[in-house]
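Q: Put chain B on the given structure of chain A with help from the hints.
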Amino acid sequence: MATTTQDSSMDATQAALLAKVQPAELQEQPLVTNNRDFNWVTDKICRIVETKTPTWWWICMAVALMTASFTGLGLLWLVSSGVGVWGLANPINWGWAIVNFVFWIGIGHAGTLISAVLCLLKQGWRTSINRAAEAMTIFAVVCAGIFPLFHVGRVWFGWWLFPIPNSNGIWPQFRSPLEWDVFAVSTYGTVSVLFWYMGMIPDLSVLRDRAVQRLKKNAYEGAGALAKGMDIFRKNFYAVFAMGWRNAGNHWRNYEMAYLILAGISTPLVLSVHTIVSFDFALAVLPGWHTTIFPPYFVAGAIFSGFGMVLTLMLPLRALYGMHDLITQRHIDNMCKICLGTGSIVGYAYIMEFFIAWYGANPYESFAFINRAFGQYWWAYVMMFSCNVFTPQLFWFKKVRENWALVWIMSIFINVGMWFERFVITVTSLANDFMPSSWGYYSPTMVDILTFFGTFGLFSVLFLLFLRFLPLMPIAEVKFVMPAADPHGHHGDAKGDHH
Amino acid sequence: MANVFPKWVNTIPIKVIVAIILTVTAVVCGVTYYATPKYTRVGYAPIQPVAFSHALHAGQLDIDCRYCHTFVDRSEHSNVPAANVCMTCHSMVRKDDPMLAPVKTSYESGEPIPWVRVHKTPDYVYFNHSVHVNRGVSCVGCHGRVDEMDVVTHKESFSMSFCLDCHRNPEEHVRPPEEVYNLDWERPDTEDFKKEAVGFVHDWKVNPPQSCSGCHR
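As they're listed, the protein sequences go chains A and B. What the first sequence shows, in the working numbering, is residues 1 to 499, in sequence order. What the second sequence shows, in the working numbering, is residues 1 to 217, in sequence order.
Pulled out of the complex, with its shape left as it was, chain A reads as follows (with noise of 0.2 angstroms):
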């Protein structure tokens, strides 16, 4: 009884203090603006499927094709006459190659961030992007994959990668982080695919029914026989891959579950996978690559360029699609945060392997890293540093998170800048190591380019792909974060009646 009096003097007190101060109400941004209803968002999403392929698609996708076979040619250029074509040289072995793997599989990172951390830390804004970025994910594995593979040379040979028996009597070299690479690259790839595979199930029955019911319908005067076929190509294909989904009660609780574990599955794989990728240089005995501090300034240097490329794809895309609503500022405004946390990371990092040069007082390290701002490779290093260190500070400004036109080229700075991060690291410290009598230059060869610039192309016609025939973003979750969909909300203004 008597704390019962006690409490409700408390909360009279409260509430005569809360009168007198009147604190402004705090306004979340909604992720959804515009009061959109349910839907919309339906709507809005799968018509990007289901309507006519726009005319910037084709003209995207011719591009990408031709782009994409500047890889094709390099790569038959390197097997039929051997990996000499590459640049790579004594006592320069680990060219573009390596710096191509790394940057792409960088870039995958942010994918399976948004995907299971954000997912486990209850990030609402997620829901937007997770779908294209675990595709970029996806698509940037395929193109890392590309480099080591083909680097062995005799690529038919490529299955020696994996521990399987064999008439030679020998194993892969397990105590290599090269060998360790391949477990954590074929592990992410898997776990990146069942992820993303697993989360579009009740999206793929959402376009298997809206076909379906077209079909009952019948309204195809006018459309002709070809969107009659689509659509019955379309219920077809969908209910292939929705696997039976009939959006019952079970099979949500089935899904969550299967997600959240998937989702505890993939969070060490964030951290992990960059972290055995910084160890093929790490675990060598080399001055600028043998240091504690590379698995944590690679990680945070994956999630910064893997946002970067997230912005770099999604601000068109929002900007075609007119998905203003659903990828508002406030999902723009936390991708630069994130690109200015671990952009401040890698920064910290450059700053901090001087430093340790110094300290260390080891006349090898602190060669290295002279020779890295000042030796031969001088401009790579003012670009990594001027477009990674310099350029995601910008973000601290409000005014130019809002400039979506500043902030999409600010993004190509970022990756342009954590490309050649890699390319200063595995260069530099191979091209001018212990013995100045073996020193030498590295350029990249005409197939090196080709090779390079063409991954961008087969990476565009993967996205290309995933954009015109897969649901761009997870509806359902999309939804849950509507203010439409909080029970306590205010959503009397809202159209529709959905309670």
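Don't read these hints as lab results, they were simulated from the structure. Hints are not guaranteed to be accurate.
Pairs of lysine to any residue, SDA-like flavour, derived with a Cα cap of 20 angstroms [what the hints assert, rightly or not]:
(1) Lys38/B with Gly169/A
(2) Lys7/B with Phe237/A
(3) Lys216/A with Asn3/B
(4) Lys195/B with His173/B
(5) Lys399/A with Gln29/A
(6) Lys217/A with Glu156/B
(7) Lys52/A with Leu320/A
(8) Lys38/B with Met99/B
(9) Lys104/B with Lys120/B
(10) Lys479/A with Trp125/A
(11) Lys479/A with Lys217/A
(12) Lys7/B with Asp209/A
(13) Lys120/B with Ile20/B
(14) Lys38/B with Ile170/A
(15) Lys7/B with Ala242/A
(16) Lys216/A with Pro6/B
(17) Lys398/A with Leu340/A
(18) Lys15/B with Val240/A
(19) Lys228/A with Val93/B
(20) Lys7/B with Ala248/A
Now the stretches of chain A that chain B is said to cover, found in silico as 3 or more residues with beta-carbon under 8 angstroms [said to hold, decoys possible]:
(21) 166-176
(22) 229-242
Glycine residues also receive a C-beta, built at the ideal position from the N, C-alpha and C atoms.
A: Showing chain B alone in chain A's frame:
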């Protein structure tokens, strides 16, 4: 909503899984059996231009391997003899036998007999006969009981694991040097001999390479 596919489609996933398991098993077993050197190389016995019988010469007549393959203990290559070696006996023994006509022709013209090679290591493998036979590795280990063959037949797989099995555990394969050319010799299964073999490997510094560059130079 009506179902897109009929009900029996529900059984497809399990059928697909079973089919995948069966296919993978069949492919793994098939490749393991048919596509490894144990199958692709063993049993190769080409018809030779002269019906020379090792069973007769090395077995029945007990001619030492080195009588014909003269450089096996001094060279990396075990040579196939020229016709003059045959003629050391056959200028008198069965000298008019028509089976020996190609040998005689070769001897007179100097054109070698076109023997068909049976045992071949790939170009990228460096193999030295002398170092093996001088350190207790017998002919029989790789070539089988040639002294019992009428037609020389490929007996062992010659896969890399075949080489490595011995390179990794030489003491299980070496024999006393005086028994190297005795294809009939059997390794005694005694503790004493095992100790002797280990001692031999140590004393003779038998140190077979296991690194790539040992053989792939």
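Q: Now, for every hint given, state plainly whether the structure supports it.
A: So, going through the hints one by one against the coordinates:
1. With a CA separation close to 13 angstroms, the supplied pair Lys38/B and Gly169/A stays within the 20 angstroms bound.
2. Taking the CA atoms of Lys7/B and Phe237/A, the gap is about 17 angstroms. The hint holds against a cut of 20 angstroms.
3. For the hint pairing Lys216/A with Asn3/B, the CA-to-CA distance comes to about 13 angstroms; that is within 20 angstroms, so the pair holds.
4. For a cut-off of 20 angstroms, the pair hint linking Lys195/B to His173/B stands: about 13 angstroms separates their Cα positions.
5. With a C-alpha separation of about 17 angstroms, the suggested pair Lys399/A and Gln29/A falls inside the 20 angstroms cut-off, and the hint holds.
6. Annotation: proposed proximity of Lys217/A to Glu156/B is violated, straight-line Cα distance about 72 angstroms (limit 20 angstroms).
7. At most 20 angstroms may separate the alpha-carbon atoms for a hinted pair to count; Lys52/A and Leu320/A meet this at roughly 14 angstroms.
8. A hinted pair counts as satisfied when its Cα atoms are at most 20 angstroms apart, and Lys38/B with Met99/B does not qualify at roughly 33 angstroms.
9. A distance of roughly 27 angstroms separates the Cα atoms of Lys104/B and Lys120/B; the hinted pair therefore is violated under the 20 angstroms criterion.
10. At roughly 12 angstroms between alpha-carbon atoms, Lys479/A and Trp125/A fall within 20 angstroms of each other, so this suggested pair holds.
11. Among the hinted pairs, Lys479/A with Lys217/A is inconsistent with the structure: their alpha-carbon atoms are about 27 angstroms apart, more than 20 angstroms.
12. For the hint pairing Lys7/B with Asp209/A, the CA-to-CA distance comes to about 17 angstroms; that is within 20 angstroms, so the pair holds.
13. Taking the CA atoms of Lys120/B and Ile20/B, the gap is near 38 angstroms; set against the 20 angstroms cutoff, the hint is violated.
14. A C-alpha spacing of about 16 angstroms is found between Lys38/B and Ile170/A, which places the hinted pair at or below 20 angstroms, so the restraint holds.
15. Proximity of Lys7/B to Ala242/A is assessed by CA-CA distance (about 15 angstroms); at most 20 angstroms being required, the pair is judged to hold.
16. With a CA separation close to 17 angstroms, the supplied pair Lys216/A and Pro6/B stays within the 20 angstroms bound.
17. A threshold of 20 angstroms between alpha carbons decides the hint, and for Lys398/A with Leu340/A the separation of about 12 angstroms falls inside it, so the pair holds.
18. Between Lys15/B and Val240/A the alpha-carbon distance is near 15 angstroms, which keeps this suggested pair within the 20 angstroms criterion.
19. Annotation: proposed proximity of Lys228/A to Val93/B is violated, straight-line Cα distance about 92 angstroms (limit 20 angstroms).
20. Distance check on the hinted pair: Lys7/B and Ala248/A sit about 18 angstroms apart at the alpha-carbon level, within 20 angstroms; holds.
21. Counting residues of the segment 166-176 of chain A whose CB lies closer than 8 angstroms to any CB of chain B gives 5, so the stated coverage by that chain holds, three being the minimum.
22. Three residues within the 8 angstroms Cβ limit are the bar, and the segment 229-242 of chain A against chain B gives 3, so the coverage statement holds.
Hints 6, 8, 9, 11, 13, 19 from the earlier list are contradicted by this structure; the remaining hints agree with it.
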